[in-house]
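So the protein lines, in turn, are chains Z and S.
Under numbering that gives the first Met the number 0, the first sequence has 208 at position 209, and the numbering climbs by one with no breaks.
Under numbering that gives the first Met the number 0, the second sequence has 105 at position 106, and the numbering climbs by one with no breaks.
Please note that the accuracy of each hint is not assured.
Claimed, not checked - Simulated DEER-style distance windows between Cβ atoms:
no.: 1; chain 1: S; residue 1: G40; chain 2: Z; residue 2: F279; range: 38 to 46 Å
no.: 2; chain 1: S; residue 1: G40; chain 2: Z; residue 2: D244; range: 28 to 36 Å
no.: 3; chain 1: S; residue 1: E180; chain 2: Z; residue 2: I45; range: 22 to 30 Å
no.: 4; chain 1: S; residue 1: E231; chain 2: Z; residue 2: R37; range: 56 to 64 Å
no.: 5; chain 1: Z; residue 1: K35; chain 2: S; residue 2: G40; range: 31 to 39 Å
no.: 6; chain 1: Z; residue 1: V90; chain 2: S; residue 2: I3; range: 49 to 57 Å
Stated by the list, open to error - Chain Z regions said to be covered by chain S (calculated; three or more residues, Cβ under 8 Å):
no.: 7; segment: 33-47
no.: 8; segment: 547-554
The hints are simulated quantities; they were obtained by calculation from the structure and are not laboratory data.
A virtual CB, placed ideally from N, CA and C, is assigned to each residue, including glycine.
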Amino acid sequence: MKILLPPPLSDPPQSHSFVQDFMLLLKNQMRVSWNKMRHRPVGTLIGMAVLLLGLLAILGSLGYFAYGALKTMPPQTAKGFLSLLFMVGLVSQIFFGITAAFAALYMSDDLELLFMAPIPIKVVFAVKSLAVIGSNLLTAILFAFLPGVFYGLLFQAGASFYILVFLVGIGLWAMGTAIAELINLIIMRIVPPHRSKEAVGFIGALAGILIALVFQIPNLLLNNQSEINIGSWIAGQEQMLSAMDFFPWGWGSLALVAGISGSFLVGLGWSLLILLAGAFLFMMAFNLVERGFRRGFISLSQGEGGRRRKKRIVPASGEEHHQQELTSYLAFKEEVSGTASPWLGMWAVAKKDLLSMKRDTREWFGYLVPLIIMLFFVAQFLFFKAESSRASLILVLIMYTIMFSGNLALQSFGREGESDWLLNSVPLAGWPVVWGKLVAAILPTLLLMEALLVGTALAIGVSTTLTLALAFGAVFLSLGSSAIGLFYSINNCRYNPDSPQQRISPGATLFMYLINLFFTLLLALGLTYIFLPDELVAILRDLPPVTFEGGFLSGIIYALYLLSRPLLWSTTLRILLGIIVTGGVWALMFFGFMAATVRQSRKGFRVELVTGGKKKLGKKRWS
Amino acid sequence: MERILIKTHQLTKRYGPVSVVKGLNLEVKGGEIFGFLGPNGAGKTTTIKMLTGLLDPSEGEAFICDYDISKQPTKAKALMAYVPDQPKLYGKLSAREFLYLISALYRVPKDVMKERAEQLLGMFGLRDRADELLEGYSHGMRQKVVLASALIHQPKVILLDEPTVGLDPASARLLKDVLQELARQGAAVFVSTHILEIAERMCHRVAILKDGQLIAQGSPEELRQKVGHGGESLEDIFLELTGGNENADLIKSLEEG
C-alpha cells in the first residue's frame, strides 16, 4: 500500500488566544458530557429524573424551613443564623469540592493528552477548575445565594441589596472551591496514581455517610418530640456568634446585615473583602495546582511520578545472591515434588481475598456503613429508652447479620474482576475455591457482627445467656446467609472497570435478599417451636379449627394453621421438632447452596465485564 | 545536511535523592529513526515525558526543533506528536470526533482537517467504526486512533513509547512503513521499544539507557564494533551492555553441565 502523508510542518502554526483555546476545550468537555448522557440507558435517565424531582422537593422544603426560621428572628439573631448557614455552606463546598477536584484534576484520563497539546497548561486547568466550580454550584446556591435572597425578601430590601448577595455568594463560592483545591493538592501528593480510583471511592463513600447522617438528624429530633427552636438556640450562643465575625462566613452576614440596615457602602466593603479573599485563594490554588503538575510534585497517572522513591540498597553480594537463587531454582526444577493439600489452596484463595479487602480502602466502607447505621439504633435506644427498643434492636441486629453476610458474600466472585481467568485455570476449581471464598467473606463479617452483637447486648444490658446465644446463633446465620450470597455471586458476578465496586447484577441482589428472607422465616419458625412465645400460644388456644376449603388463600391459611399446631404439643415433642426444623433448614440451605456453588465452580465462572451502559458478552464461559 | 530536531543537554530528573535520568545528552536529526532502548526502570518513559514537556527536568535542557520545551512549550508541542504506550482517550468521543478535536488543538484548518481525518481513518482501517465511542474499542484499535491523531497535524518530530504493543502484524507493519515515510520526508522519529528486532531493522541509530545513564549510542553497526565482537545481533549487544547476559550464560552453562 502506498502511504500518502502530508509533509511535516516547518514552522509552528499561529498561536490561539487564551479565550479561543479555553472555548475549544470547554466545547470538547461539553461534547463528552453530552455523549455520556446520550449513551445512558433509558432506565438510568428515568432514575436520574426521579432523583432530581426528589432533590427539588427536599430543597423546596428546606428553603421553606429556612425562610420560616428567618421570619421568627430579630435582625441580630438572623445575622447569627446567616453566619451559621454560610459556614455550613463553606464546609460542604470544601468537602464535596475535594471529591470533584480529585476526579477532575487527578483521575482525569485526558490530562496527559491535553498537556501534550500546543495549548498553555493554564487553559487546561482553567477548564478543569470550571468543572470543580460547577460541581459546587448547588451547594453555593443553597448555602450562599439563597439565604441572602430570602433575607432580602423577608426585610423587603431594595435592588442594591442583591448586588451584595451576589458578591457575597460569588466570594464564598470561590473560597470554598479554592480551599477544596488546596486540600486536594495535599491529597494528590499523598495518594499514588494507581490508588486514585480507590481514593475517590473512599472520599465519595465518606461524603455519602455524612449526607446520610445529616438526613438522620431531623429523624432523631422528631423522635425526641421536643420543639425545635433554632432562634432561641442561636440567641443563647452570643459568644460564638461574635467570634464568627472574624471569619469569612461572618463577613458575609455582616455585609448583608449592613445592606439591610441601609449602610450599603459598609456592606459593599465586607462583600468586596470576601470576593477579594475568594479570588486570591482561587488564584493561589490555581497556580499551585498548575505548578504542581508541571514540576512533577503531583504525578500524572503513569509511573511513580512525583512519589519519592526509596534509594535501592544493593548488598555487596547482590549479584551473587541472585545467581545463587537462579542456580538453586534451575537445579531443583527437575525434581518431582508431591502435591500439597487442597486445604492450602483454599487458604490461599481466602488469603488473597482478605489481603485485597485489607488493601482496598473502598472495601472498608462495606463494613463501616453497618457500623454507622447501627450507631443510630444504639443512640436511639440510649437516648429514648423504651422497652420496645431493646427487642427491636436485637431483631435489627439479627436481620442485619443475615443481610450483611449475604451482601458481602455477594461481592466475592466479582472481586476477581479481569483476573477471573486465574481461579478458572488453576487446579483448584470446586470446593477449595468456594470454601476459600466463604472463609474470606465470613471472617471479617463475623468478627464485626459478633463485636457489634456482643457490644450492643452489653450496652443495653441483655442477659449473659442471651448474649452467648446471640453470639452462637450469629455464626450459623452468617454461614447460611453467606452460602446463599456465594451462589448468587458465582452466577451473576460482573465487573465495571470504571466503578470496580459494582460487582453484582441488581436482579441477583434482589433475589439473594428474597431467599435470605425466606431462610430467616423458616429459621424463625423452628426457633418459635423451641422458644415458645406465650402471647402467640394464647391466641392460638382461642383460635377455632381451620379446614381447607379449596383455593389459594384458604390453602395458605390452612398451611399456617398446620404449622402453628406444634406450638400446642408437649414441650419435649415441640422442642425436638424445633431442633429438627432449625437444624434441617440451616443444613439444607447452607450445604445445598454450597454444593450448587461448588458445582458451578467446577464448570467455571465468568465475570461479566460492564463498561458504561454496555455489557461485554464476548467472553467465553470457562469449561 | 538535515538539522538537529531533538536535542538534550545534561537532561536530569531527580525525585528527592534519587536520580532517575542522569545528565542525558542526545541529538536526533531530521530524517532519522532513533531507537531508545533500555531495561525496565532505566528512565526511558521519564526521558520521553521530559522531551514532551509532561515533566519538568530537574536540570538540563531539551529542545524540539530548536524550541526549548520548558521555555517555549506551545511552539515545541505544535511541531511534535507523542504516542504513549497506554493511550488514554476520551471514552465518550468517537474516533472521528477525537481526530477533529486533536486537529482543532493543533490548529489544522477545518477543510484540511476533515479530508485528512478521512484519509487516516481509511489508512488505519477505522472508517467503518469511526462513529462508535472509543470506550468500545480494543487496545489495538485505540493505538491506531492515537497513531492517526499523531499524524493528523504533520508533526516534524514524533515520539513513540512502545508503539507496537497491541497491534496486529499488519498494523505493526503499517506503522513501520508510516514511520519510515515520515523519516523520508525529513521528520525525526524517536521510538522507545523493547522489541530489539524492530530497533535493529528500522532504526538508523539507537541509544541504550541503563539506570538513567546513556551507556551506548550509535548505529547498530557502530555498537557492534564498540562491543568488540562481530556478527552479533542488537539483542546480544543490548544484553551485554545492560548485564542481562549473566543469566543467559548461567542457563547455558547449566545446560552444558
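Each hint tested on the structure:
1. G40/S - F279/Z: 38 to 46 Å: holds (42 Å)
2. G40/S - D244/Z: 28 to 36 Å: For G40/S and D244/Z the Cβ distance comes to about 56 Å; the hint is violated.
3. E180/S - I45/Z: 22 to 30 Å: violated (52 Å)
4. E231/S - R37/Z: 56 to 64 Å: Holds, since E231/S and R37/Z (Cβ atoms, about 57 Å apart) stay within the stated range.
5. K35/Z - G40/S: 31 to 39 Å: holds (37 Å)
6. V90/Z - I3/S: 49 to 57 Å: For V90/Z and I3/S the Cβ distance comes to about 56 Å; the hint holds.
7. 33-47: holds (count 3)
8. 547-554: That given contact is violated, which follows from only 0 residues of the segment 547-554 of chain Z lying within Cβ reach (below 8 Å) of chain S.
Checked against the numbered hints above, the structure breaks hints 2, 3 and 8 and satisfies the rest.
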